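Protein sequence lines, in the order shown, are assigned to chains L, G and F. Counting from 1, one number per residue, gives the positions in the first sequence under the numbering used here. Counting from 1, one number per residue, gives the positions in the second sequence under the numbering used here. Counting from 1, one number per residue, gives the positions in the third sequence under the numbering used here.
Careful: at least some of the hints might be erroneous.
Distance ranges between label pairs, derived from CB positions [said to hold, decoys possible]:
1. Thr-77(G) <-> Gly-228(F): 24 to 32 Å
2. Ser-394(G) <-> Gln-238(L): 28 to 36 Å
3. Tyr-392(G) <-> Gly-126(F): 33 to 41 Å
4. Lys-74(G) <-> Leu-71(F): 44 to 52 Å
5. Gln-100(F) <-> Phe-230(G): 54 to 62 Å
Rather than coming from a laboratory, the hints here were simulated on the basis of the structure. Values in this document were obtained by computation on a predicted structure and should not be read as measured data. The C-beta atom is built at its ideal place from N, Cα and C for all residues, glycine as well.
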Amino acid sequence: MSDTTEGQVHGAPDPGAQGLGGPGPGEQGHGGEPAGAAVPVATPVSIGSPQFAVAARHPRRAEGVAAFAFLVALCGFAGFGAAYWQDANNYLLGISLGVAFAAFGFGLVTWGKYLMPRGPFEEPRPQMATTERERAEFVGDFATRGKIAIERRGALGKLMGAAGAVLGVVTLFPLVRSLGPKPDSSMYHTKWRKGARLTSIDNRPVKVDDIEVGGVITVFPENDVGGALSQTVLIRVQATGNVVTGPGKETWGPDGYVAYSKVCTHAGCPVGLYQELTQQLLCPCHQSLFDVETGATPVFGPAPRPLPQLPLYVDAKGYLRAQAGFDEPIGPGFWYRGGSNGSPQ
Amino acid sequence: MIEKLFGWVDDRVALSRSGRHLLNKIFPDHWSFMIGEIALYSFIVLLLTGVFLTLYFVPSGSDVVYHGVYAPLKGQTVSEAFNSTVNLSFQVRGGLLMRQMHHWAANIFVGSIVVHMLRVFFTGAFRRPREANWMIGTTLLILAIFNGFLGYSLPDDLISGTGIRIAFSITESIPFVGTYLGFFLFGGQYPGTAIIPRFFILHVLVLPLIIIGLLAGHLGMLIKHKHAQFRGRGARDDNVVGSPLWPTYAAKAGGFFFLTTGVTALLGAAVQINPIWQYGQYYAYKVSYAVQPDWYMGWLDGALRVMPSWEIHLPGHMVPNVFFPAVLLPGVTFNLIYAWPFIEARLTGDRAEHHLLERPRDQPLRTAIGAAVFAFYFVLFGASATDVLANYLSLSLNFVLWSFRVLCIVVPLIVFPVAYKICVELQSTKGAGQRKRHNVIVRSAEGGYATVSTPEYPGYIQPELDPVPLDHVDLVSAMAADGDEQAEGVYRIPREYR
Amino acid sequence: MPAGVVVAALALASVFFAPRRAPSAAAAPLPSTVLTAATAPSRTAQLALGRTLFDENCSSCHGAKAQGSALAPNLRGLGAGTVDLWVSSGWMPLANPTSQPIRKPSMFDRTQTEAIAGYVASLAPGGLPIPTVDVAGANAAQGFSVFALNCAPCHTITGAGDALADGLSAPSLHGVTAIQVAEAVRSGPGNMPRFGTFTISKQQLADVVAYVTRHIEQPSNPGGLALGGVGPVAEGFVGLFVGVGLCVLIALWIGDRNEREDTGEHGGEHAPPGAAAPPGNDPEVAHV
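Chain L on its own, in the form it takes in the complex (with noise of 0.2 Å):
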């Protein structure tokens, strides 16, 4: 390392700012004198010298409130064991353990801080950039050593890259082949299909006197119950009728009832917060609202699509059931989903 230590060291005015664009610094008591003018001679320093005085005024004091604090460490320490072996509350383990440290640390601190010389010190810090030279012959080794024992051998050397290649290329095997299927229909469709009856988490088929007016559920298919995508919100928003939720949609609410998917279109969740008296739909992660009565188009929040609508139909026995699956994917949307109907590709 060269030696570029000022040895000037009382007294060493401070190195000058280098402001760089920009309004520079501007009087801050620093006077300028540029860094780089080392003086190569090391004065002898004095082991007298203020330095290595310890930092503190009254190093007894400082002393006893670190013997203290490594006390109360101790203390804390055996006390957390106790506290441990008792199988004592949560609290007590935490408090004595978290004293404990505190106060160790504390001491070990105190010790540092006011029983160790005041300093302050310093060190030279060589330039990270190399000279000229050193790079240079350092390429030199490489580039001419190279030559001799690889530049001659290029056969050999695309052979090995081409075996490198196809290593680095089989190596993405196992994302394609084990990791998991490839996206398939499951992205498009649920397993809502014609005639599914639309039943509770406990498994019982809803009958088109279940609900109350305001009354909310959520159902899955009877092949599906606990599906993460066929869940589906049923709400019965009024007494008798079709609910006419949008052009084509005539028959799909038959009874005062819609359904819609529960998974929202903005990011996945569970749209589960029916608010009845605004009929709306609320999505608890972002906030998405959506209408029930018109088809569950988003009023606000960043969801970007209506939920889909399930076509229900009531069977001769009163049980709801589904005229159809989704006409298009539920839930987020995705590269593949094609246009705003999303049809499947």
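Based on these hints, arrange chains G and F on the given structure of chain L.
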């Protein structure tokens, strides 16, 4: 005995040759250099408490019936992961404390990384030669956030399960590969069965190993470059002024580790975090309101909330809404952070090596940009609590959300010129930021009166001294020559100097 | 039925509140609410009392016969349960007919509330009677599951409550009584949907009531302060401002190299030893 052992080792690895230099490594005495240490220490706490947790946690999504001590869950079908997390909280000695310390340490870990990063940014410590270390640090932040999210997801409770659901939606929003990535990551269509064990191995092995590796690089470069330092008496580009590693900083930094651990333990004792037994097992069709991720994902959640309901429809394809706030925004953010040292070098034309730090006011443009960008993310962070804020302030949710939509644009636009102006004003104000001195009237022994100003730091007993080059002091012989064994002060305590 | 119900109800209530922790006074539901209006000693006296109270406090908005007005809805046919919920929760009467009902201490004691509810119920048939809830045989664990599916989406899983759209909110469930929970589930007050016996059966309702009154009212917080039960938002604030903040303050102390008058205590505010001395005089060395 110890000497003999040391000699044996030293003969074989030449410890004392490199070691002596390390003992003299100078740490600048400034509090802001210790913020990164908080991150390091909380990471150690994370490793230690995390090892404890792995002894009891079962990384499986399989169903099991809960038979533990918490009454409201008895007889419920839950996953192995949830079951084991509740059991380690209630039935393992110290388990709850370790879990809470682990979670608090994670919060502190990411928080201190962010504060450390702000310090580095606003003082220009990322400039040459430290650009690479800045990028390593940025990577560490990303990994810390990511690993925090994984850990938060592992208990498989109602709140975190909803977070995983959103993560799947975000993954599948990526153009071209999104659905494939989602299926490969989750082992199939959501929810799949593979996610808990996969998150587990990422959380406890893969990411910690990468973090440890990068941390070694981060600290290795710190030793290579040595600390940057603020301007001050004797501080130059070609030296470091402060106190040596041995013994001063060994004591200070070591003590700081225990203090950080103590803070974590006290939080773990007194403040409950993530009481999953109250949340219950996650099922895709169940949800709770007031669901938020941990704070370091908050800005992402806030961005998801304030994003208008736009998405791009193309023939046969689409770019979903969540892509913009949850993929594009973090992508742009972190790439800008990575590139900032080079952007600034381009702007200022300054490509020289710098080891002396700047104060924020010295570079008004950088400070203003940094403050505005930080303000933007801080507003987004606040936006992740729209519902909770609306509830506590008795405001309309719609109003609060619209406020945040406006604020996240307006606040940075206000912060930028204000920060710039403050910097410029501070530069031109003499003595700004220095302590105010009082004028005191004193009466001399002769009865005369005089007005003097108080010391700059009342109560400080010594003014700053000039730095002593430690390498040039032959401590051993100097102390032998002095020979005063009885004196107080340095002779008593740091025997290492003899 | 009457006498037996009283005894059973009291016994039940004592079983109900005995376990584990003593409930806080504010959260303690009234045991007598298990009684229906039918058990009151004199039905005519009760109706008279209810009528008087209704005329004085309710009729100005809801009309003399509870038929409703431009200011307030028709109450006829809603049943005693609905009226009991709105009055016992302090939602009614409203100081200002346009303001949003918020929970406050009820103006009326239990007898008066039941009297009003009984009087309104007597005006028209139908509606929800004040329900009885048999929590003795209830399974709080089942209740937890039903709660998570049907209640937590709005009220949050800890019952803290949260803001809904358009200035409305799902109220906190802390401090509600068993009867109020049952009445709210069945009647769906305000923006809340109604849950009939198909969605939440009688047994499930008892389970939910048991869960709410046992575990929402007195949550198990072995880990320390619960921070309002609002999850990561509050935790993040504590983590950042207490956790990181405290550590930074410690760093401030460790990194401060200007030692002061007193050792071991940072921030000691002692008068400077040499207040008169001009700054920057010769260094005093601490060789004591």
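Consistency of the hints with the structure:
In this structure, Thr-77(G) and Gly-228(F) meet the distance hint of 24 to 32 Å, their C-beta atoms being roughly 30 Å apart. Between Ser-394(G) and Gln-238(L) the C-beta distance comes to about 32 Å, which sits within the given range of 28 to 36 Å. The hinted range of 33 to 41 Å is satisfied by Tyr-392(G) and Gly-126(F), whose Cβ atoms lie roughly 39 Å apart. Between Lys-74(G) and Leu-71(F), the C-beta spacing of about 49 Å keeps the proposed range 44 to 52 Å intact.
Taken as a hint, the range 54 to 62 Å holds for the pair Gln-100(F) and Phe-230(G), whose Cβ atoms sit roughly 55 Å apart.
When held up to the earlier numbered hints, the structure conflicts with none and fits them all.
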